[in-house]
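Spelled out, the chains give:
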Amino acid sequence: MSVVASEDFFSVKYPDISARMVQDKCADIADTKADTILGGDLGCLLNIAGRLRREGRSTRVFHVAEVLAGMTDGPAIGEGDDPQ
Amino acid sequence: MNAPVSSQRVEFKARVRNALSDVNLQRAMAKARGGFVDKRREARDALPEFDAIRDAARDIKDHVLANLDSYLELYEQKVRENGGHVHWARDADEACQIIADICKQAGARTVTKGKSMVSEEMYLNPVLEASGIKVVETDLGEYIVQLAGETPSHIIAPAVHKTREQITELFHQHHSPLGYTDRVTQREALVNEARSVLRERFVSADVGITGANFLIAETGSNVIVTNEGNGDLTSSLPKVHIVTAGIEKVIPSLEDLSVLLRVLARSATGQEFSAYTSIYSGPRRSQDGEGPEEYHVVLLDNGRSTMLGGVYQPMLRCIRCGACLNHCPVYSAIGGHSYGWIYPGPMGSVLTPLLNGFDDSVDLPNACTLNGRCKEVCPVRIPLSDLLLEHRLEQHQRKLTSPLGRKILGAWAWLAKRPRLYQGVMALPLWVAYRLGHQSGVLRRLPGLSGWTESRDFPTPARRSFMRQWQSGHRP
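Same order as they appear, the protein sequences are chains Z and X.
If you read the first sequence in numbering that gives the first Met the number 0, its first letter stands for residue 0, the second for the next number, and so on.
If you read the second sequence in numbering that gives the first Met the number 0, its first letter stands for residue 0, the second for the next number, and so on.
Just so you know, the hints here were simulated from the structure itself, not pulled from any lab data.
For glycine and all other residues, C-beta sits at the position ideal for the given N, C-alpha and C.
Any given hint could turn out to be false.
Some chain Z residues judged to face chain X by a derived CB distance under 8 angstroms, without partners named [unchecked claim]:
| no. | residue |
| --- | --- |
| 1 | Ala18 |
| 2 | Met20 |
| 3 | Thr31 |
| 4 | Arg52 |
| 5 | Asp80 |
Lysine-lysine pairs mimicking DSSO-like chemistry, simulated, CA-CA at most 27 angstroms apart [claimed, not checked]:
| no. | chain 1 | residue 1 | chain 2 | residue 2 |
| --- | --- | --- | --- | --- |
| 6 | Z | Lys12 | X | Lys416 |
| 7 | Z | Lys12 | X | Lys374 |
| 8 | X | Lys406 | Z | Lys12 |
| 9 | X | Lys30 | X | Lys374 |
So here's chain Z without its partners, still in its complex pose (with noise of 0.2 angstroms):
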């Protein structure tokens, strides 16, 4: 996993820069026809996870910790309470 912009409210202030990445980002994760992601840092995964949701797109987002943990059984980023 590369780089996306969210790091330290960068979205935020340059929401126009963000939104280009994070679309790039996710035409390439819907490239590698994936269906789980991982990452270790939280802003990247919001931005990600809420991108896709965006999309539509049912790639899955977890933090490599909750892999760890054994809790890929629960909802992943964006999927609420309830894992279906």
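Chain X: place on chain Z using the hints.
Using the frame of chain Z, we list chain X on its own:
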């Protein structure tokens, strides 16, 4: 104080908006994006000791910066011994004046230029043109940018923001009067056309101006690396050769050069070596058949010496390879012109406030996600993202940021230092966000955060925070 700051902010944001909606720019940038990165990675992987050489390169530069005065004096002495002249310029205006005077003395009507970012920094071309001199850029990218009436958008690939179709049109427009009436579209044909137009310029030039990748103290030489050979024709054909360089370009010896060259091309273009690496050591000697009769070096300070001994000193290690630009997702999205001055990308965001003024560049250190790729790839290990944080701190201390932003940051810092209170205060908005969004998992709108929700949803927080679960003894 506030007015110029806010107007500058608007300018940056306006430039960014234009860049993001510029179809040609976005096409050109998308095409360039992967190439540089992949090539550098391949070059690095093919050289197992690459990281060790980076350390050595950093150490050479650090050693020079700690002894800059002695190396500059040695360099000057050697250039004089070789029959050349050294000129010291405190700022851009002085440098332009010195160069204009040399050109005038030489009776120059045409000047050819090799690629030189320092000459861009001093706005040299308009000064020379104002005194009636025809200035011809000879690096292909610089030539394209000059025809378009623009400035470089990348420090090693000046025209990276242009599509091939745009270049076809530019050439057609400017070369038709010279007899090149066909519209050429293929890459090789475009290069050949530029080459044959430039050939005549090389031959007719009275003065050649180049930059320098390195200045060698022990020999009084300047070194340039190019892939087009244009630097060599610029240096050796005209009767006067002028080298322009920042004072930080000096290195002790040819031995050091061999270390730095091993990281430069690999970091820049992924080549093991550039096509041409040329070392010039003064004017033609009596036994030489060719070469310039006069050799001048104009050394530019322009704020660099004020960086010595301070937190930003590591920035003076920069060898202008462009790797930080190529690996920056922000640069790749908005292109070089959005940054507003000569040096774009991470290195530019560190340098511009220092060389061109803090007040006019408030956005630059902030328009960065702090992902750190620039620092990871820098061949001389400049901690670019740390220096950008340094700038943010300095902006905050100098009150260059918005008063509201500073108040919010201050309040947040106060709160964050009181964990109990922090959790208490955050509990309510988190609970509200949870209640509103827990069924779908996201909020589609957030008051005050429309910058976020315009283009993405906001994932709702969990019912119980990690801290709450931990405190109540819950362990997964």
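So, going through the hints one by one against the coordinates:
Interface hint status for Ala18/Z: upheld, as the beta-carbon distance to the closest one in chain X is roughly 4 angstroms, under 8 angstroms. A cut of 8 angstroms between beta carbons decides the hint on Met20/Z: the least distance to chain X is about 5 angstroms, and the hint holds. Given hint, Thr31/Z at the interface with chain X, is violated; its Cβ is 15 angstroms from that chain's nearest Cβ, farther than 8 angstroms. Satisfaction of the interface hint for Arg52/Z is found here, the shortest Cβ-Cβ separation to chain X being roughly 4 angstroms, below the 8 angstroms cut-off.
Hint status for Asp80/Z: holds, given a least beta-carbon distance of 5 angstroms to chain X, under 8 angstroms. Under the criterion of a C-alpha separation no larger than 27 angstroms, the hint pairing Lys12/Z with Lys416/X is consistent with the structure, at around 24 angstroms. Of the pairs offered as hints, the one joining Lys12/Z and Lys374/X holds, with about 23 angstroms between alpha carbons and a cut-off of 27 angstroms not exceeded. For the hint pairing Lys406/X with Lys12/Z, the CA-to-CA distance comes to about 16 angstroms; that is within 27 angstroms, so the pair holds.
As the CA atoms of Lys30/X and Lys374/X are separated by approximately 23 angstroms, the hinted pair is consistent with the 27 angstroms bound.
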